[in-house]
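Following the hints, complete the assembly by docking chain L onto the known chain X.
Residue numbers (the numbering used here), protein chains in the order written: chain X, 15 to 395; chain L, 15 to 395.
Check each hint, because a few of them may be wrong.
What the hints assert, rightly or not - Pair ranges (Cβ atoms, derived):
1. X:HIS194 to L:LYS29: 19 to 29 angstroms
2. X:ASP159 to L:GLY360: 54 to 64 angstroms
3. L:ASP19 to X:VAL259: 24 to 34 angstroms
4. L:ASP185 to X:GLU258: 25 to 35 angstroms
5. X:HIS290 to L:ASP19: 22 to 32 angstroms
6. L:ARG289 to X:MET136: 44 to 54 angstroms
7. L:GLU138 to X:ASP30: 51 to 61 angstroms
8. X:GLU306 to L:GLY64: 47 to 57 angstroms
Honestly, the hints are just simulated from the structure, not real lab data.
For every residue, glycine included, the Cβ atom is placed at its ideal position computed from N, Cα and C.
Here is how the chains run, residue by residue.
There are 2 protein chains.
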Amino acid sequence: MECHDYGLTRSTERKDLNLNPLQRGGILTTEARKALYEFSDGYSVCDYCGGRLDEISKPQIHGFLDDLASFLHTDHARTVHGAREGKFAVMHAICKPGDTIVIDGNAHYTTHVAAERCGLNMVEVPSSGYPEYRIDPEGYKGVLDELADKGEDVSLVLLTHVDGNYGNLTDAQKVARFAHEAGVPLLLNCAYSMGRMPVDANVIGADFVVGSGHKSMAASGPIGVLGVKDEWAEQVLRRSKMHEVKELEMLGCTSRGAPLATLMASFPAVVERTRHWDDEVQKTREFVAEMEKIGGVKQLGVKPKEHDLIRFETPVFDKIAEKHPRRGFFLYEELKKRKIVGIKHGQTKWFKCSVYGFSKEQINYIADSFVDIVEKYKDLV
Amino acid sequence: MECHDYGLTRSTERKDLNLNPLQRGGILTTEARKALYEFSDGYSVCDYCGGRLDEISKPQIHGFLDDLASFLHTDHARTVHGAREGKFAVMHAICKPGDTIVIDGNAHYTTHVAAERCGLNMVEVPSSGYPEYRIDPEGYKGVLDELADKGEDVSLVLLTHVDGNYGNLTDAQKVARFAHEAGVPLLLNCAYSMGRMPVDANVIGADFVVGSGHKSMAASGPIGVLGVKDEWAEQVLRRSKMHEVKELEMLGCTSRGAPLATLMASFPAVVERTRHWDDEVQKTREFVAEMEKIGGVKQLGVKPKEHDLIRFETPVFDKIAEKHPRRGFFLYEELKKRKIVGIKHGQTKWFKCSVYGFSKEQINYIADSFVDIVEKYKDLV
Numbered sequence: 015m016e017c018h019d020y021g022l023t024r025s026t027e028r029k030d031l032n033l034n035p036l037q038r039g040g041i042l043t044t045e046a047r048k049a050l051y052e053f054s055d056g057y058s059v060c061d062y063c064g065g066r067l068d069e070i071s072k073p074q075i076h077g078f079l080d081d082l083a084s085f086l087h088t089d090h091a092r093t094v095h096g097a098r099e100g101k102f103a104v105m106h107a108i109c110k111p112g113d114t115i116v117i118d119g120n121a122h123y124t125t126h127v128a129a130e131r132c133g134l135n136m137v138e139v140p141s142s143g144y145p146e147y148r149i150d151p152e153g154y155k156g157v158l159d160e161l162a163d164k165g166e167d168v169s170l171v172l173l174t175h176v177d178g179n180y181g182n183l184t185d186a187q188k189v190a191r192f193a194h195e196a197g198v199p200l201l202l203n204c205a206y207s208m209g210r211m212p213v214d215a216n217v218i219g220a221d222f223v224v225g226s227g228h229k230s231m232a233a234s235g236p237i238g239v240l241g242v243k244d245e246w247a248e249q250v251l252r253r254s255k256m257h258e259v260k261e262l263e264m265l266g267c268t269s270r271g272a273p274l275a276t277l278m279a280s281f282p283a284v285v286e287r288t289r290h291w292d293d294e295v296q297k298t299r300e301f302v303a304e305m306e307k308i309g310g311v312k313q314l315g316v317k318p319k320e321h322d323l324i325r326f327e328t329p330v331f332d333k334i335a336e337k338h339p340r341r342g343f344f345l346y347e348e349l350k351k352r353k354i355v356g357i358k359h360g361q362t363k364w365f366k367c368s369v370y371g372f373s374k375e376q377i378n379y380i381a382d383s384f385v386d387i388v389e390k391y392k393d394l395v
Numbered sequence: 015m016e017c018h019d020y021g022l023t024r025s026t027e028r029k030d031l032n033l034n035p036l037q038r039g040g041i042l043t044t045e046a047r048k049a050l051y052e053f054s055d056g057y058s059v060c061d062y063c064g065g066r067l068d069e070i071s072k073p074q075i076h077g078f079l080d081d082l083a084s085f086l087h088t089d090h091a092r093t094v095h096g097a098r099e100g101k102f103a104v105m106h107a108i109c110k111p112g113d114t115i116v117i118d119g120n121a122h123y124t125t126h127v128a129a130e131r132c133g134l135n136m137v138e139v140p141s142s143g144y145p146e147y148r149i150d151p152e153g154y155k156g157v158l159d160e161l162a163d164k165g166e167d168v169s170l171v172l173l174t175h176v177d178g179n180y181g182n183l184t185d186a187q188k189v190a191r192f193a194h195e196a197g198v199p200l201l202l203n204c205a206y207s208m209g210r211m212p213v214d215a216n217v218i219g220a221d222f223v224v225g226s227g228h229k230s231m232a233a234s235g236p237i238g239v240l241g242v243k244d245e246w247a248e249q250v251l252r253r254s255k256m257h258e259v260k261e262l263e264m265l266g267c268t269s270r271g272a273p274l275a276t277l278m279a280s281f282p283a284v285v286e287r288t289r290h291w292d293d294e295v296q297k298t299r300e301f302v303a304e305m306e307k308i309g310g311v312k313q314l315g316v317k318p319k320e321h322d323l324i325r326f327e328t329p330v331f332d333k334i335a336e337k338h339p340r341r342g343f344f345l346y347e348e349l350k351k352r353k354i355v356g357i358k359h360g361q362t363k364w365f366k367c368s369v370y371g372f373s374k375e376q377i378n379y380i381a382d383s384f385v386d387i388v389e390k391y392k393d394l395v
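For reference, chain X alone in the conformation it holds in the complex (with noise of 0.2 angstroms):
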């Protein structure tokens, strides 16, 4: 048979300057790039297994989930494959089919298909809608009592803690007390939290967070984290009755492999760097600041920034776009010109971007670059 060529570099994206939210966090340190190396043969980390994945002690995967732990400050820690395999479990392990779950107006899709896949039905806390979409931990109150006079069971509550549209941080805390106060545990999407900014769950009052490696924690996916309470380790973390070492909703083991090695390699440094969030922040809020001062672009979302992901409004980029030769187009290859890639081809009406982990120099550049854009076609505007 003949193969495709299947076109396996990325030469562009990797040395470019990449706006990809989802993609910001996930770029390895070096020491990552290192364990990537020793670690990249097939079942690499296994080399020293007794029959369980957390308990392998060469390299220290046992001392990591501990340290994983603590970080989080999460009774029990494991790594998944990614956050929404961390939600299923969560759901499979303690929900049944036909089950009610509440979920944020935000939530990701993975949480819907995670939720679908399980057979539950899910019941929206809505956002504030636009520009804001704000979520209001009140709204979780407000479902939870209604759901309550209705005589319906919930089997979990789940917050988006940042979503992934407009990048707004929601009070966990708040939702957790809502949640409890309905008998209710919490599962927190940490996909856009963990490793960037600081989240303990057990101020937080969260029963469950999952994490991904690869959006957030400097790592190689497919990789998440879930922190499981000591209450739901039980349920969530079940041994097989046929080999009883053996998680069930784990499969036995999860990463047997270089993406684990990557997500232990970045640890202390994603731990170092969620110390350093308040500067993130900041830098956010500037380049908005920049950005906004184009006529048109508006920062969607709450005001201002408490995260890195930005979802901004262009219809002047839209306008341009009408008049541009090579349409809709003509933003991404501008860009692309200048070094600048990870909006999607094609996208002017608005689009999502992150400058997180960017020097204060290259934030200026790219904020620049918008502005030589708008200025270059200001005759079709």
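Frame of chain X, contents of chain L only:
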């Protein structure tokens, strides 16, 4: 917080001759090492995603999955996180909790945990026991007939194509025939076959095949392969109601980074190497012959070998261990001195090994080393 020292180096295991059957088929090709470098960052394969992993064209994931389906002779192919996750996806999609499935007595533990996680009852077709541990395809007929007589519905038949304990290859075509006569689909676990030897799902009549990238396809884990026959695609690849392009059992996307890039990069070489499977079997048989010249060493499982995974019974090493000052650790340590690894620390009664992919010179060196060690301690025997 203070992090442990994670000990993230692996030079010994990378550079020595590793006999671990779990790892022999997962050693990366040079192309895969390059791809790992290119796609190391988190979410790296998602640069040009339009919403579905399996439709991404840069890198050519879409074309790759087509090639993969051609290679397996299945109608559909997807990447999953590993063979176990593929088995779980099939079971979860087509079985209900409480359903009965029929499996072989040599099934991998992950078959058990996947079925347990789904709440399924397992009925086993036992192996012939010591010393062959053969799975007789007729055994499936017997068990299926018996269940039919009892009026018990069977949702799925699962066969471990080549098992991980004895390396026995079972005639899957016959099992498929018995399964279909009973009106039940067959899931073939090819973790140890796909990528090492030719697997033709169409000729076999398998409705589902799963394989393991890190075990047998020269890929960096965790990554697996799921092949599905058209008539089951609607169930196993069913889409989300809320997000119509997203497949539920895949939770939208599965492998979102480097492991997929390595699987793709190695694929042409993997296709090629399956054409030389007979040479590997021949080398294995010769190695067994050399080892059995050592008094008391005996190959378990079906003879002559039809797969590279070998289980030896080695009473001679156990005898040495009884009197050796390092007890059971001596064998591991003696091998390590000779730059041979992959036999478990402390194991002497029996062990599993594989010489898959080694040159004849390397295999002779390995066999000679075992002979040497026995010779060195002949006074203890």
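How the hints compare with the structure:
1. Range check, X:HIS194 to L:LYS29: Cβ separation about 53 angstroms, and the 19 to 29 angstroms hint is violated.
2. At roughly 59 angstroms, the beta-carbon separation of X:ASP159 and L:GLY360 lies within the given 54 to 64 angstroms, and the hint holds.
3. The given range of 24 to 34 angstroms is respected by L:ASP19 and X:VAL259, whose C-beta atoms sit roughly 25 angstroms from each other.
4. Restraint check, L:ASP185 to X:GLU258: a C-beta distance of roughly 33 angstroms satisfies the suggested window 25 to 35 angstroms.
5. Checked against the hint of 22 to 32 angstroms, the C-beta distance between X:HIS290 and L:ASP19 comes to roughly 24 angstroms, which is consistent with it.
6. For the pair L:ARG289 and X:MET136, the beta carbons lie near 50 angstroms from each other, so the given range of 44 to 54 angstroms is met.
7. Between L:GLU138 and X:ASP30, the C-beta spacing of about 55 angstroms keeps the proposed range 51 to 61 angstroms intact.
8. X:GLU306 and L:GLY64 have their C-beta atoms about 29 angstroms apart, which leaves the hinted 47 to 57 angstroms range violated.
The structure fails to meet hints 1, 8 from the earlier list, while all remaining hints are met.
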